[in-house]
Each structure stands twice: as structure tokens, then as C-alpha cells.
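Taking the hints into account, I'd like the entire structure generated from these sequences.
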Amino acid sequence: MSKTFVIGDIHGAVRALEQVLERVAPEKDDTLIFLGDYVDGWSESPQVIDFLIGLEKRRNCLFIQGNHDEFCYDWLRDGTRNDQWLYHGGQATIDAYKGLGEATRKRHMEFLGNLQNYHLDAGNRLFLHAGFTNLRGVEHEYFPEMFYWDRTLWEMALSFDVSLDKASYRYPSRLTHYKEIFIGHTPVTRIGETTPVSAANVWNVDTGAAFKGPLTVMDTVTKEFWQSDPVWKLYPGEEGRN
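Numbering-wise (the UniProt record's numbering), the sequence shown opens with residue 1 and increments by one.
Fair warning: there could be bad hints in the mix.
[Stated by the list, open to error] Derived DSSO-like pairs: lysine-lysine, alpha-carbon spacing no greater than 27 angstroms straight-line:
| # | residue 1 | residue 2 |
| --- | --- | --- |
| 1 | Lys223 | Lys212 |
| 2 | Lys179 | Lys3 |
| 3 | Lys166 | Lys98 |
| 4 | Lys28 | Lys98 |
| 5 | Lys106 | Lys179 |
| 6 | Lys28 | Lys3 |
| 7 | Lys233 | Lys166 |
| 8 | Lys179 | Lys166 |
| 9 | Lys179 | Lys212 |
| 10 | Lys223 | Lys3 |
| 11 | Lys179 | Lys233 |
| 12 | Lys57 | Lys28 |
| 13 | Lys223 | Lys28 |
| 14 | Lys233 | Lys98 |
| 15 | Lys233 | Lys223 |
Just so you know, these hints were derived from the structure itself, not from any lab.
Listed below in C-alpha cells is the structure:
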């Protein structure tokens, strides 16, 4: 039976991506769902995008948009340089594109421009980069940027009272619509973890690859996971987003 794997934030670490996928060894019929933030941090953001473009030709892949991906897309499109982006890894991405031709930039802009805001599978499992704010679910979200910027969903899940009955008026509406929700965006290293964390029905698989953590791939059914080495060890002499 084919499997579905979910992959956390990569942040320019193609060496970690290649390493962890070798450890997973997905079969041809398996599906790989990438939760966004392919760029910014380590020095190989263009190589990450090239790798993903190639991977899609031989594997079933779904690519979700992250907030860093939007920044990079805007820069590739018209040169927009957001100060917040530059401070949080964007400069490393700009530096990595130096010397790369227009054809490469155009190909990468096309890839980034076609990323999905979210994916809802047949099992009512939701995959997105960050979260959503509308109490009725993603289909009713007024602000699409929340799909890749929101942190309140994860904050709510972490503080969730497990003793609440689902019929209670106190039960958070956002947690009632989907069987499971898979996110990245907010590194679990912020709460002292380096492996995927489950809170309520939300799974966070951003294990801090942009900083001192590893890159993680998780089986969405069994919750077995595989990790790269701590990414900073694969990029000696670089700071990433540390």
C-alpha cells in the first residue's frame, strides 16, 4: 500500500533534504507533501528548488507555500527586497542566486508561483504551512496569507485542554473540522523539541532545520519519522538562521 509522507521546512538545506530522503527511501507510488519554506537560511536555496523540480518528475509530490517562498517569489519577479525577509534568511538566498542565469530564475519563479496554499486529502487531513484563522475552516479564510503566516493555530493547539468534550461551547471550532492538521512554520525547537510534536489534532513537523535542528520526514499514518543530521553540521562555517 502506498504511503504519504510529510516534510518540514527545508530553508535552503538541500544536503539535509537529500540525506533524509535517502533514509526514508520512498517507493514510486508514495506521496511526498512538502510544507513550504524551501528557501532562506542555508546557502543552497536554488539547489533545493532544482532538486524539488526534478523530484516531481519521478515521484508524487505536493508543494505547499511558505512565507519565505512568497518573499523569494516577489524578489525573483520584480526585485522586491523586504527588510524582514533579508533579516530572516533572505540575504543568503539573494547571495545564492548570484551568477545564476535568467532561465534558472524564471524556472524557479514558475515553481514558487504554483505552490498551493493548502491540501485537504480524501481522509479529511489538512496540510498547510502555518495555520488559518477563520472559525469555519480554510474554505472560508478571508486572508489567504494566514495559510503561511498564522501562528495562532499552533499556539491554541499547544494550550488545548484535553479534558474538554467536543460538544462543549469551549471547544475550539478550528480543531473540529479536520481529522488531522499537519503544519510547519513555527519550529518545535522553540519549546525544546527536535522531533515532531502533536498537540490536539495538530502535528508540527518543523524541527528547526533553519537553526540547530534536523530536517524531518514523517509517515502521516504511522507517525514514524526520519531525520537528517543536525543541519548546521552539514553546512560547516555557515550560520543558517542562527
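The hints, checked one at a time:
Under the criterion of a C-alpha separation no larger than 27 angstroms, the hint pairing Lys223 with Lys212 is consistent with the structure, at around 22 angstroms. Straight-line distance between C-alpha atoms of Lys179 and Lys3 comes to about 17 angstroms, which keeps the hinted pair within the 27 angstroms bound. For the suggested pair Lys166 and Lys98, the alpha carbons sit about 53 angstroms apart, so the restraint of at most 27 angstroms is broken. At most 27 angstroms may separate the alpha-carbon atoms for a hinted pair to count; Lys28 and Lys98 exceed this at roughly 35 angstroms.
Straight-line distance between C-alpha atoms of Lys106 and Lys179 comes to about 38 angstroms, which puts the hinted pair past the 27 angstroms bound. For the hint linking Lys28 to Lys3, the alpha-carbon distance of about 10 angstroms falls within 27 angstroms, and the restraint holds. With a C-alpha separation of about 44 angstroms, the suggested pair Lys233 and Lys166 falls outside the 27 angstroms cut-off, and the hint is violated. This hinted pair checks out: Lys179 and Lys166 have alpha carbons roughly 13 angstroms apart, not beyond 27 angstroms.
Among the hinted pairs, Lys179 with Lys212 is inconsistent with the structure: their alpha-carbon atoms are about 31 angstroms apart, more than 27 angstroms. Taking the CA atoms of Lys223 and Lys3, the gap is about 11 angstroms. The hint holds against a cut of 27 angstroms. Between Lys179 and Lys233 the alpha-carbon distance is near 36 angstroms, which puts this suggested pair outside the 27 angstroms criterion. Taking the CA atoms of Lys57 and Lys28, the gap is about 11 angstroms. The hint holds against a cut of 27 angstroms.
For the suggested pair Lys223 and Lys28, the alpha carbons sit about 20 angstroms apart, so the restraint of at most 27 angstroms is met. Distance restraint check for Lys233 and Lys98: the Cα-Cα separation of roughly 24 angstroms lies within the 27 angstroms cut-off, and the hinted pair is therefore satisfied. Distance check on the hinted pair: Lys233 and Lys223 sit about 26 angstroms apart at the alpha-carbon level, within 27 angstroms; holds.
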